[in-house]
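Engineer: One-letter residues, chain by chain:
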Amino acid sequence: MAVLVEMDQIIKIYPNGVVANDGVTFSVERGEIHALVGENGAGKTTLMKILYGEERPTSGVIRVNGRAVHFHSPQDAIQLGIGMVHQNFMQIPSLTVAENVVLGKEPTRRGLLDRKAAIQITEELSRQYGLKVDPEATIESVNVGMRQRVEILKILYRGAEILILDEPTAVLTPQETMELFKSIRTLVKQGKTVIFITHKLREVKEISDRVTVMRGGKVMGTLPTHEATREGLARMMVGRDVFLEVSKPLRARGEKVLEVRDLTYVSETGRQVLRGVSFSVYAGEILGVAGVEGNGQTELVEVLTGLRPATGGEARVLGTPILNRSPRAVRLAGVAHIPEDRLTNGLALTATINENLIVDRYFRPPFRRGWFIDNKEVRQHGQQLIERFDIRTPGGEVPVASLSGGNMQKVILAREFSSQPQLLIAAQPTRGVDVGATEFIREQLVEQRNRGTAVLLVSADLAEVMSLSDRLVVMYEGQITGVFPEAAKATEEEIGYYMLGVKRQSPEEMEAYL
Amino acid sequence: MKLLRKPALREFLRILIAVSAALLLGFFITLLVSKQPLEAYRAFLLGPLSRFNRFGDWIEESITLTLVGLAVALVFKSKQFSLGAEGQILLGALVSGSIALFVPLPGYLRVPLALVAAMGVGFLWGYLPGYLKAHLNANEIVSTLMLNTIALKLYDYFLIFHIKPPNAGYNASATFTKDGILPSFVPALPFLADLRARFMSQTNITVMLYLTILAVLVAYYLMYRTPFGYELRMIGANIKFARYGGINVKQAIILAFAVSGVFAGLAGAHLAMGIHTKLIQNISLGIGFEGIVVALMARNNPLFVPLSALAYGYLRAGADIMERSSDVSREMVLVIQALIILLVTAEQVLPVIQQRVAARREAQPATSLAEGGH
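Chains as they are written, first to last, in our numbering: chain D, 2 to 515; chain C, -17 to 356.
Just so you know, the hints here were simulated from the structure itself, not pulled from any lab data.
A virtual CB, placed ideally from N, CA and C, is assigned to each residue, including glycine.
A hint or two may mislead.
[Said to hold, decoys possible] Per the computed footprint, the stretches of chain D lying under chain C, defined by three or more beta-carbons under 8 Å from a beta-carbon of chain C, are:
(1) 108 to 117
(2) 155 to 169
(3) 264 to 277
[Claimed, not checked] Partial chain D-side listing against chain C, Cβ under 8 Å, derived:
(4) Leu308
(5) Arg332
(6) Pro340
(7) Val360
(8) Asp361
(9) Tyr363
(10) Phe364
(11) Arg369
(12) Phe441
The shape of chain C in the complex, shown without the other chains (with noise of 0.2 Å):
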């Protein structure tokens, strides 16, 4: 019982509680719906580990998945809800992609200056909104959805007239020559020779998992070590105390917004430099709305974030897995998949039984009483 109090057990507990429960729900869905349930739930729940293509496909997502989470925790960690990520992944990989293609440097130095120009777009993409908010009080709701249709048109725009090369049958650029992509994680040294050509060949998973790792520590460092963060972390908790206790809060919530913007510019590289190799359309496909779902779970602690990275990308391959491979339909995937999302992300699941637990308790010897008493 003296574990129970310590709220990061706590917390995992109620996780734990959570997803077996969702789990057991979406396993009765499957018997519902499917003629061979066993095999279909099977194909859920391992399929993202049965081949070593589906393992890299997790992991790649996963990466995405987190530095989109992480952008997210943060601007959410001020109350601020900007759902402007999508759009800032859109710019970031235009930008990053662009410089990929374009700019005639050695690889050692066209990635580098690519990510930086990914992360500086996705910085401006967020102080714009933050800066409305900020100074003209515009609902941040609004004008990142409103922004996110720009960056989404822009990027159609940029891709369709000026990237995709004349002759090319559908709206894509060029794959990236060498220089412009991002290289694999695992080093090239003549004894991992070997592994680096396995992992190459089937998989994408690149040097942008360490920089994951990095930006990961960086967000919970800027978020509980550095002033920024504390005036962050103030200001969500009480913007009135923020204000009067000094904060400028005005600066603070535009750096929110603008620092967000950083993390999600650089999951725009990662697709564009990493997953894809070149520009497509719909190279998003709203993983900047999956990202808030990251963020939830991991209660917008980054440091809890790629936790919660892995276990969402793990349901959405599995989920692609087990649609393709028996015959449970998309949707009904579907339904199990936000199930889950929906039992882990529920505020009060463990507090509830707690209190009905207690309740209960305090009732039986009220009810002794009342008993006796008349």
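The shape of chain D in the complex, shown without the other chains (with noise of 0.2 Å):
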């Protein structure tokens, strides 16, 4: 096959110092698939973004097609045919698919916009490539997979061969995910070249030619996908060995801690969204909800941590009810909640570290010593849990705006893991975690189980809840539909049914293992 990219020696450093490629060789073959993985700061996307135009390098050379080329803005990168899809994407929310795809370089009716032209771009190119959307949809009422195609349909029109698509994978369902894969093999059948940045390993096995791994701004090496094996690639991401599956020691389950009883919620908008969900949660076990997202889990979970308000049912921990209350007083009653948006819930990021890490237990000793808080008190606490949970800072007293991605979820987790809960809540604990840190969690999630903690585990990731839980139920469309006594024995296949409502158990069925 052809080299189609080739990147020689690049480097870049940025303004405040930070040497985010390293001297990197990265090229990629006409036609392939090529999976560009790294964790989180490895500088793949300061790569991409270089080969798109979008960042100078401080030097180094690209050649496309054997020719040097010299990029000024993304237009020329368009030019010869390299586009990207951001994964923030760039649409006009109001604007109809079709009228998207072509913005920029709009098909016209004497000098006005011919929408019906747009129309019929869109469908073509959609027919083409087997990437479905309604073109006639605004972006804001459709989904984020669709969306995510019309991002892909616009560079197409554009004219790119080379797709870099940068974690697209991130924000969609795993059904969505198998939709994106078909929809790349299709491209790539038609001649299109696809670079495919990730940090999710079983992706790069599916679907991609070879893989090229980066650590710390340096291409650690570049191998065909089937020599590669995911520990292999863990191992060269992090550089030591990673242990993908968590061993869980066998643990007799403790006391009921949590029960919930025909909990039932209604939106704002007068939808049905969780309808008489019933189960019990015991201490020492982890219980998973799989599910295909949207089928009532992020309710669930904001309900039983008061952040909404239930419709009906009950919710007792350790016979503490729990629902309608403040989210002060769910805490109070002993549960913690790693949330499933974490930047917009779970941090104040213009607040200091030392300040994130008290929210829930400021207003008690030793934080609280009569009218004031005790700022040293506080300090030590900062200082303890950095060192304990190993957040990389220079200090606690810096906002957590300053750290980078993982360390932000490490300050989350300090807080909730030491809260010292008798129920941990973790949605999507691992949603756009890098490798590293993805192992952390689910070693500290299991760990607060052997202490003793229920946790109750909801996450996309089937195969995260697969291997992390004793039991394991599945939700679809508001209501529990199965329940796995044990976890370990389902097959991804089985569960799969009952996530996609093929298959579901009768209550009578279902009762004895709530």
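Combine both chains into one complex, guided by the hints.
Structural biologist: Set out below in structure tokens:
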């Protein structure tokens, strides 16, 4: 196969002195799917932004089809057929799909946008590459999966031959991921080349032809995917052995910690989101909740943590009712919560690490003394947690915003794990987290379980819920439709049927295991 | 360079640069509009220090500005944009003034009672929009502006129909008696008698000076050392996080509005019982809004509020003097003043310069590379 793009000895040093790329050499062959993997901050995105003309390299040469090129802007790159789909879509929500696809290069009739032509163009591209979209729907009304397809259509319309996809699966459900992979294969069959940035090794194995691993701004190696193992790739990424499967000692479950009975929730718009959910979580077990996202898991967690009112039903933690109580009351009942949307809910970015670590305990001794907060205590407490959870920071008095993504996560984990909860509710705890941190989070969840905490784990990552959970339930359309008393013995395929609503157990069948 | 990493120092440097730039700009404008630019600008820059009574005016004004600035800083810190200081000031003045006029208590009881009552009414006039915001999600900008109007009309109504002496020619109360006036900040001690007499004859600097220093410390400790202050700051930093973490967001928001009102009410008492020693119409003259500028310049940090108030008060005093003693029109004076505030409060002055410099440094190797490649 012919080499299409070559990046030779690329060095990128940011003005603040951060070396993002340190002599990177990287090449892509025509018609391949090339996975680019590495932990957060390994320099993958920077390298691709350089290839896309968004960043300029400090030194180094880029060759396309053997000719040295210099990009001053993405326009230069797109002219040579290089297009990039960012993690954050650049779309106008109030315009239609078709209008967004042609935006910036609109077909016109008498100087005005030709809507019909735009729709036709979009439909043709959509058919040709198997990227299903609804050209006349507005962007704000379509789901994330479709918005991503729109983004891909946009760059195809501009004549991209090489498509750079920056962590495209981070926002997708497993089903949408499958669909995206199908589209990628179609694209490649029609002669396109795809560079796929990710840190999910399962996806690397599934979709790519070759894989390049980056760590600390350098390339650790490029190899054909069929020669790579997940363990081997993880070792290259992290620089040490990584245990992808958490080993978990057998443990007899203890007393009932959380009991939920006939929980219902109707959203503000009148949609019945939770339809009579009942289950229990016992001390020393992890109960996994699997399901395609949007089947009520998010609302379940928010109702149980006091962030949303329940419409009906009951929930008790060790006998204390927790429904329709304030988040404070729920926490005082012994509940810790790792929220799904961590940057919006879990942290105050402009506040310091120390301040973020006390939000659930500042009003109690030893932090509160009389009318005042004991700042010395707050600092010591911060220092302890920074050490215990290995948060990489110059100190506890810096704003959380100055930390890397992984370390921000650790601040939340440090707070929630250190509150000595009776019940830990973890929503999508490893989403958007790199391999090293994922390993750490999984270990900590199991560690909490081993110490006798009841853990409710909600995750869209089926492999994760299956490997971590002792017991597993599937949620479908606001109900629990299946329970697997021994998660380890279930198969992915079997659970998949329940997730898609093809199979369901009767309430009598489930009763004994909930 | 290492020193530059200290945020406090960097902040100071930032303000220094901004002020210098603004003063320079102000001078250029003066050059354009004045026949005697040097004298005019000197009046602006040095006027407030040129006479003892002018110095007094500056300090009095700064005391009011500090109290209002504290009020605004507290509520802004929680990212609640209450503009209600003006109304709280008016009611604080009305209530303290009425007590000063009509409550037959000796001064050592009447004055404290008036101050406490002013703070109390400020609290209530803040509680109201706070409650509306927290429980009914009423936009605080709208509700506080409406409440300002109500307060103003209440003030005028009571002043004109109940407080003004029946035979008075203009809308003002009688001057307060000694028992209703804040005492001079120089204590009545024999060996200070001369100093006291001198200050009393030319200025109205009262014990409010000490109370204001105390207020600064109280506000600072409240904000940075108490659970309430923590709640306030977390709500300001990320209200969703505050709620998720278990903070009673509604209660904290109401308290933020109300506690802010306490300081504004005290400012009103200072206007009535310190500066004017009677109730007059338009007693506040929009100083509630100037408090916003003071708080912004201080980045809502109570410790910086008095500095920012002194600086702002100085500008105002200087501008007044320039207007009176030179050929520069009031409009131009206000333009200069606004420019200075604009530059000082511009969030990004130094960061932008840093970015520009960095960008230029970065651009150079990249361009040389491009040339090499062609």
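Engineer: Which of the listed hints are not met by the structure?
Structural biologist: 1, 2, 3 and 12
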